[in-house]
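So the protein sequences, as listed, match chains P and R. Residues 57 to 166 in our numbering are what the first sequence spells out, letter by letter. Residues 29 to 145 in our numbering are what the second sequence spells out, letter by letter.
Just so you know, these hints were derived from the structure itself, not from any lab.
Quick list of simulated restraints, FRET-style, between CB atoms:
#, chain 1, residue 1, chain 2, residue 2, range
1, P, T116, R, T30, 26 to 34 Å
2, R, W141, P, E136, 19 to 27 Å
3, P, S96, R, Q69, 14 to 22 Å
4, P, R161, R, I40, 21 to 29 Å
5, P, K113, R, Q112, 36 to 44 Å
6, R, K42, P, G72, 49 to 57 Å
7, R, P98, P, K113, 34 to 42 Å
8, P, P166, R, K42, 43 to 51 Å
9, R, K99, P, Q134, 43 to 51 Å
10, P, E76, R, K85, 32 to 40 Å
11, P, S96, R, I40, 21 to 29 Å
12, R, Q78, P, R161, 31 to 39 Å
Selected chain R positions facing chain P (Cβ under 7 Å, derived; list incomplete):
#, residue
13, Q69
14, G70
15, P71
16, F73
17, Y76
18, T133
19, F136
20, E138
Computed from a predicted model, the values in this text were never measured in an experiment. Backbone N, C-alpha and C define an ideal beta-carbon position, used for all residues, glycine too.
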Amino acid sequence: AQRVTQPEKLLSVFKGAPVELKCNYSYSGSPELFWYVQYSRQRLQLLLRHISRESIKGFTADLNKGETSFHLKKPFAQEEDSAMYYCALRKYNAGNMLTFGGGTRLMVKP
Amino acid sequence: DTGVSQDPRHKITKRGQNVTFRCDPISEHNRLYWYRQTLGQGPEFLTYFQNEAQLEKSRLLSDRFSAERPKGSFSTLEIQRTEQGDSAMYLCASSLLGQSHSGNTIYFGEGSWLTVV
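Turn these sequences into a full structure, and let the hints steer you where they fit.
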């Protein structure tokens with residue numbers, strides 16, 4: 057069975073500092089990896105997916121199959137980045153269930 | 029707001045009572061999902077529909093839980109004989125099955141909070 061681990065429950069950084077939210081997964085097949093974000097009082101929304109290889113709001117994430125990781129990075133954190141971040145995995149072309157990690161709360165201090 | 033909508037947003041019920049949640053997906057989305065989220069945890073998959081057919085069910089979905097999507101549009105999630113362990117946020121989500129893999133984005137509702145006392 058697949059599993060997603062986010063080792064940090066809370067990550068606190070100062071504005072302008074680099075950010076890395078860690079995500080590790082276990083799955084024997086070819087996964088799809090996602091990052092979802094939930095801002096205060098808002099619904100969970102997709103931030104980015106590994107297939108798209110895109111940068112959203114300055115965030116990027118690279119799938120490292122050797123290390124089974126999909127860490128989320130941003131070179132300069134902004135206060136508006138403060139939110140809950142969830143890493144999620146979906147089995148590629150084999151179902152629609154998303155398996156989520158436990159989430160990391162990012163706090164960006166002024 | 030044309031996003032996924034859920035009702036009620038909050039429900040407090042006594043142990044042993046039945047509760048029902050409703051989800052209206054984004055118009056024309058043919059896939060609908062239910063997730064459960066407890067405090068400090070990420071969402072956990074419960075079940076999903078493609079049109080009116082329920083195609084996957086998690087082992088988390090005990091016999092007291094039943095979900096329907098009778099006309100392939102809105103869905104209901106009923107919990108019978110509620111227990112305190114059922115207290116959680118119940119999230120609904122929807123997506124559109126398309127040819128483009130990148131188009132199959134899952135959109136979430138704001139959730140329905142259940143508190144069983």
